[in-house]
Amino acid sequence: MGFLDQIFGKKEEQDQTKSLWRKIESEKDLDSAVEKSSQQKVLIFKHSTRCFISKTVLKNFEKQMQNSDKDYSYYFLDLLAHRNLSNEIESRFDIVHQSPQLIVLENGKSTYNASHQNIDLHTVN
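Counting in the numbering used here, the sequence shown tops out at residue 347, every number present.
None of these hints come from the bench; they were simulated from the model.
Every clue listed holds true.
Within a straight-line C-alpha distance of at most 20 angstroms, the following computed PhoX-like cross-link-like pairs (lysine-lysine) qualify:
id, residue 1, residue 2
1, 331, 250
2, 245, 263
3, 331, 263
4, 250, 263
5, 331, 258
Given the structure is predicted, the values throughout are model-derived calculations rather than measurements.
Build the full structure now, drawing on both the sequences and the hints.
Rendered as structure tokens:
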């Protein structure tokens, strides 16, 4: 692996990881994620596309996703493009807004959330 690949990752790995995400771009998408949480754990990653810390945490989390055998549904929210949906999540699940932030839903309720360097797939039970 070349030096730049080590820093930025390979395109193939990025494409493979992106296919694991379902985007939340509407309230209907959020409702679908909540509904899905009755079948399996749903993990929502709220990401700020302008924040270096958020990009770094996202990259590390995606590496964990690739190496995980957990049966989770992964949802991605670009909170700069969809701040209204971030506000809806805050209101609906009584969670203080953070960025980056990982929220776990089970049976329509938030059971766990973490932000910044505390985002770690291994801590999700």
